[in-house]
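Starting from the structure of chain V, add chains W and X where the hints point.
Chains as they are written, first to last, in the UniProt record's numbering: chain V, 1 to 179; chain W, 1 to 1030; chain X, 1 to 177.
It should be emphasised that the hints constitute simulated quantities derived from the structure, not laboratory data. C-beta: ideal position from N, C-alpha, C; glycine also. Do not take every clue at face value.
Once the Cα atoms are required to be at most 16 Å apart in a straight line, the calculated EDC-like pairs of lysine to aspartate or glutamate come out as [what the hints assert, rightly or not]:
#1 X:K71 / X:E155
#2 W:K506 / X:D24
#3 X:K138 / W:E631
#4 W:K471 / V:D75
Cβ-Cβ distance ranges computed for the label pairs, FRET-style [as the list claims (entries may be wrong)]:
#5 V:K63 / X:P114: 31 to 41 Å
#6 W:K312 / X:P114: 51 to 61 Å
#7 V:T84 / W:I1018: 21 to 31 Å
#8 W:R428 / X:D131: 36 to 46 Å
#9 W:P327 / X:S121: 28 to 38 Å
#10 W:V325 / X:G40: 19 to 29 Å
#11 X:S121 / W:I278: 36 to 46 Å
#12 X:S121 / W:G1000: 54 to 64 Å
#13 X:E52 / V:R124: 45 to 55 Å
#14 W:T967 / X:G40: 49 to 59 Å
#15 X:D116 / W:S378: 28 to 38 Å
#16 W:G1000 / X:T154: 52 to 62 Å
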Amino acid sequence: MEVADEAFVVAPREVDPLRRRPPFIPSSQPPESFKFLCRPNMSGEEEENAAELKIGEEFLKAKCLMNCEVARILDHKYDQLQQTSDDPTNQISQVFEKSMQYVKRFSRYKNPDAVRQVREVLSRYKLAEFELCVLGNLCPETVEEAIAIVPSIKSKGRMLEDDAIEKMLHDLSLIKKFE
Amino acid sequence: MARGRHRDEDDDFIDDDDEEEMEEEEEEEEEEVVGKGRQKRRRSEFIDDVAVEDDDEEEEEDEDDEDDGGHRGRKQRRRSGSEFFELEAVVDSDDEEEEEEGEDDFINDAGADLPDEDDNRRLPHRPILMQEDQEDVEEMERRVKERYSKSNQIDYAEDATDVEQQALLPSVKDPKLWMVKCAIGHERETAICLMQKFIDRADLQIRSVIALDHLKNYIYVEAEKEAHVKEACKGLRNIFSSAKVMLVPIKEMTDVLSVESKAVELSRDTWVRMKIGIYKGDLAKVVDVDNIRQKVTVKLIPRVDLQTLANKLEGRDIGKKKTFVPPPRFFNIDEAREMHIRVERRRDKESGEYFEMVDGMMFKDGFLYKLVSLRSISSQNIQPTFDELEKFRKPGDDVDGDVASLSTLFANRKKGHFMKGDAVIVVRGDLKNLMGWVEKVEEETVHVRPKMTGLPKTLAFNEKELCKYFKPGDHVKVVSGVQEGATGMVVKVEGHVLIILSDTTKEHIRVFADHVVESSEITTGVTRVGDYELHDLVLLDNMSFGVIIRVETEAFQVLKGVADRPEIVLVKLREIKCKIERRSNAKDRSNNIVSIKDVVRVVEGPWRGKQGPVEHIHRGFLFIHDRHHLEHAGFICAKAQSCVVVGGTHGGSDRKGVDSLDSRFGAFRSSPHILQSPRRLPPRGPPVDFGGGFRGGRGHDSIIGKCIKIKSGPLKGYRGRVKEVTGPLVRVELDSQMKIVTVNRKDIADATGVATPFRDSRYGLGSETPMHPSRTPLHPYQTPMRDPGATPIHDGMRTPMRDRAWAPMSPARDSWEDGNPATWGTSPQYQLGTPVRTYEAPTPGSGWASTPGGNYSDSATPRESSYGSAPSPYLPSTPSGQPMTPSSASYLPGTPGGQPMTPGNVGLDIMSPTIGGENEGNWYMPDIFVNVVKPGGDSHVGIVREVLMDGSCKVALGSAGNGETLTIGSSDLEVVRPKKSDKIKIMNGTLRGVTGKLIGIDGSDGIVKLDDTYEVKILDMVILAKLATK
Amino acid sequence: MFFHITLERNMQLHPRHFGPHLRDKLVAKLMKDVEGTCSGRHGFVVAITGVEDIGKGLIREGTGFVTFPVKYQAVVFRPFKGEILEAVVTMVNKMGFFAEAGPVQIFVSNHLIPDDMEFQSGDVPNYTTSDGSVKIQKDSEVRLKIIGTRVDATEIFCIGTIKDDFLGVINDPGAAA
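So here's chain V without its partners, still in its complex pose (with noise of 0.2 Å):
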C-alpha cells in the first residue's frame, strides 16, 4: 500500500485572493479563549521542590519544628484548654485534633530532654532548618538512606562528607538509646 504524498500537505483553508500573506499563518496572539488559564510556571524553574531545598524564602528563614517538638507544643495548648474548658475536644479544629495524633505517632523521641538533644545534635553540622527536621523526624539509619530523604545535603557542594553523615547518625541514634 502506498502512503499520501505528504509534499504538499496543508491544512485545509480558505484562499481569500486579496491577502498578501501566506493565508495559513497562525496568529501569533494566543486566543482570546486561553487568557483565563493560569499559567503559575512561566519560567518552569522557580518552582517548589523540597529535594533542592526550594520551600520559598519564607519558610526556609522560619524556624521548622521536626513532629516530637510539635507534640510538645501541642499538649500544652491542649493542657491549657483542658484546664480552662470542660470539653476541649469541642473547642479544637479539626486541623489541630489530627495534627496532634499525628505528631504523637510519628515521634521519635518522646522524652523532652532527647527532643532538645537531637536539635543539639544536629545544630552541629550546618543543616538547614528543614534538612535538620527531616532527618530528626525520619530518623535514616545509613548515610544511603539519609542522602535518598534529603537529597540537598549532598548536593552544592555542601560540607557534608559521608563520614560526617555517618557520624551525625550515630549521634542521632544514641539519643534514642538513652532517651
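Relative to the frame of chain V, chains W and X by itself:
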C-alpha cells in the same frame, strides 16, 4: 483501445523521446499535485488491480459514467488533453466533466494521428519554453527522474521530502501566477474559454489557467508577464476588461495549487469516523489512501452478524433486511468456520499481507478492512475516546496505536496550541525527548529554550515535532476532549498520555497531554445534567432526598438522606423530582441552631468524629462535607441531633467573628459578663448569642428573625419569620409554605400575639415558668423561630416544667397572653439587646452547664408525649432525634410525606383550628373533598386540585371533580368530614399527607388505618379530610 | 513539615468589646478565626502559640468596628513538593491509597506504588507484594514523597509516591525502610 494502452506505456517509459519528457516537465512545473497523483495512479494500475483497471480503461474510453476518480486519473494520463486539461481535472465538478468531454471529442476528432497532433499542439509552446527556461533537456530529464523516483519510495522520511520539495518550489525564474477577476460562477467556463483560445491562437503567451472550486470570482493564469495575461483575457465575455490582474506572490503560488488538501491531508494511521451505513459514527483507522480515486482503506471493528452472514451465503433469508445493527465485535475466523462460512485466505499483492476474505469483505486480525469513499468518512476533529482506542489496541499494536493517536492529535490541534512558557518535549526527529520551554511561536515554528545545557539558547521546531510536557504533580485543566473542563493533578506521564487524578472524583482520568493546560483552577468537568448539578440536594421520586455526589452520563449518584449508614442510589434524571433549594435550619444536639455552612462535628453514630461545613439541611438531616471523608465525594449524612456546631455560624456576616468570640473568650477566662458566659456551653458555639442586639447580624434590624404576620397585601394573614430587611422590603419565610417571600415592610405586623419569637418567651419564661406552667409549652413550639439565642441551657432549665406543662395541652392562647404581660412587654427591648442581663440573671448557669445532653433529651421527651394523640411511627424510636428546627418544620405543610416533623409544628397544627381560624386555609391539600361555601349560602362539593401559594385552592366542582375548576379562597372552603369507612387524608400532624381509611369514629377521634403501613392510628377528626378517590 | 512562623492579620473588633479585656478578646477572636484554617501560602494553621504585637487600632467609618493589626506566632503545617514524610493510610482502593499526615491528605496513585505491589480487594483492601511480605492497608504507616500539591480555599491536597528508594511501608516488618 489500443491507443489507451499505448499511452499508458508512454507514460511509464517517459524517456522514450525528448518531447515526452518535455511535456512531463511542463506539467510538473505547472502542477505538482497532479503530477504526483498521476504517478500514483499509474503505479496502482500496474500493481494493485491491474486486471480490473485495464478493463475499466477500455470501457471508460468512450463512456464517462465511471467514478470520478478513476475517470479523471485516466484523463490526466492522456497527453492529448494537454496541460490545461490536467489542471482542470484535479477539480471535480460534473459540468466541467461534460465540457471536458467535449474537448475529448474535439481532440479525438482532430487528431486521428496521435504523434502529429502532439507536435502540432505543442508547437506554439515549445519556443517559449526553450527561450525562457534555458534548461537543457538532460537536466530536465534528470530532475524528472529524480522526482519520480522520490515519490515512488513508500517510506520516505518526511523531512527528506520537505527538502526535495523545496527545490521544486517556484522561483523568480519561473512564470508567474496572475489572479484575474471573472464573473462569479463562470470560473470554469472562463478557464475553458481561455484554453480554447490558446488552442485556436498560437500567439497566446500564457502557460496555464487554473480555476479553483472553492475560489469564486477569480481564476489564475500562469504567464511570464502581465501583458500576456491581459492579451489572453481580452475579449472574453466572462472577464471584465476593467479587471485588474494581480500577481500572486511566489510564496503563495504553491498554495494555489495544493488545493486538494482535504484528500491529501488524510494520511495513514489517521483516525476517522464513518459517516454513513451501519458503521456510522464508528471509529476507523486509515490504512491506505488513494487520493486519486478519492478512496481510503480503513480498518474498523466489524459489525458483522455471523448468523445473518451464514444465512446469506447459504442463500437463505436474503430478502429480509437486517433490522438491527450488530454490535462491533472482532471477527473470529474459527467462529465463522463453525457456522460454515467460507473463509478465503488471500495475500494482498502489494503489501504481502494475508487477509481473510468472507463474502467480499476483507478481515485481518479481526478487523475489517474496508475500501470507502473519502466522502463517507469524516476526518476533522476526531477525538477518539480512550475506550475506543483501547478496543483498537490489540496485542503488539501498542506502539502503532500510540503513533496513530499522535497523528490524530496533531491534526486536531487548535491554532495557538503552544504558548510561551509551555513545557514541551520533542517527540520526533534527532532531538527526540529533549525538553524545554516555549520561548516564541511563529506560525508553525516554535522556538524552544531547551532544558539541557550546552545547547543553543533557543531551538526552532516544527509544531508537529513537539508535544506538551507535564510532570507528575502538575495541576492541570483539561481543555478539550471528552473530559473537557476537568481538573486534576498529574499522577503519571505515559508518553503523551497523562493520567490525572481528578480533583472532584478522586479518580484517575486519562487524557492526552495536548488536551490539557497547566492551571491552578479547580473544576469538575461535567457536573451538570439537566437542572441538577453536583452537590445539589434533590428530592427523589419516592419522597426521599439526597445529595448528588456524582454525575454520570444521564444518571446521578445520590447519597440519600438517611442517617447511620450511607445509602447510595443511582438515579436517572427523570427520577429526580426537584431540587431542594430552600435554606432551612436544624437544631444540633445541644439545641443550637445549625444553618448551612456552619461547621459541625458528628458526635454519635457511625460518623462520629467527622467534621465539616453543613452543605444542606433537610428534615433534620445534615449533609456535611468533610474533606477528610474519602467516600461519597466527602459527603456525610447525619441527623442534626447527632451533631454539634463547632465553628461560628455563617448566618450573619459579622456574627461569626464578633458574637462567637464571647464564647471562646468566656471559655478562657472569667469576664464581667460572667452571667452570660456560662450558658455558652459549647464554647465555640456561635448560636450562643450575646443578646438580641447582635443577632440581627444580617442587617442590624431588630425585626430580623422576628415572627410577623402579614397584615395586608396578597399574602395577608400569613405568618412568617423575617429573614432579611432591605430598605422598605422585608423577606419573610412563610411558616406555612416552603418559600421566602418579599413583602413591603408596612404590610407586616409584629405577630407577637400569634407567634412569639422563640427567644423572648424562653428568656422571659425562664424565670417565670413556675408561675405559669400551663402556658410554656405553647411558646417554644408554636414559634417557628430559628433562634441563635436558644441555648441548650435554657431548654434544660425548663424541661421539667415543660413536661408537665405540655400534658394539659392547648391552653387557650389568649389567657396565656394575659398571664404573661411582663414577658411581652419586655420582649421588644430584649430584642434590642439591652436588657439581656436582667433575663440572664435568674438563670443559674452551673445547673445545666455540665449536662447539656441529658437536659436535652429530657426536653425532647415531653415533646413526643405532647402529641401522643397523633402518634407517629418514627418518634418513639428516635427520642433524641428530633432533628428539626421549628422553622424548617414550618415548611412542611407544603411537602406532604411521612417525614419527621418538629413537635413544635405538630403542636401548632393540632391547635391551629383553635388558635386562628384564618390559618386554616393553609392546611388544605390536593385531592381532598371540600365544601365550597359561597357567600350566597349554598355549598357545593368539590375536590381540591391544587393549593396555591396564597392559600386559595383550585377546586374542581362536583363530587367526582368533573365540574368546572375554580380558584377559591380558603375562607370559602370547608373540609368535608369523612364518615366511617371513607378514604381519608391526614391534613396535619406528623402524618400529614398520608392517606388511609377511617375505620371508626370515637367521639372527636377517628380511628384510621393507614394505607402505607396498615397501622391503625387514632387521630383527631379535625385533621382528617375525605379523600377523593380517583 | 511543621513550622513556627510569625504571621500578621488585621482583626476587626466590635466596639462593645472595648474595655479592660480588649486584648483577651482580640486574642480569643484571633484563635477562633485563624486556628484550623488553611492557606496556600502558609499551609494549615495548627495552633497559635503567642501574640507578638497588637498595633494601633483603626476605627472604620460607618461601622464603628476597629481594625487591629495583630502579629502572632503560630505552628503551621505546610507540605512541599519533594518533601519526604510519614503518613497513615486512611483508605485503600484500586486507584491507590489515601494517607494522612496531620491535617493534610495525600493520595498515592497505584501508578506511584511499586509495580510489584498488587491491589487486593476484600474486606480490608490492600496492596501487597507478590511474596506477601509487604502490605499496605488502612492504618499502615508509610513513608512517602510528595510530588504535587493542590491548594484550594480550605485545604491542601497532595499526591505522593512510594516508588522510590527508602519509601514505602514503615510499620511493616518486611518493609524496605
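Identify every previously stated hint that the structure contradicts and give their numbers, smallest first. 1, 2, 4, 7, 10, 13, 15
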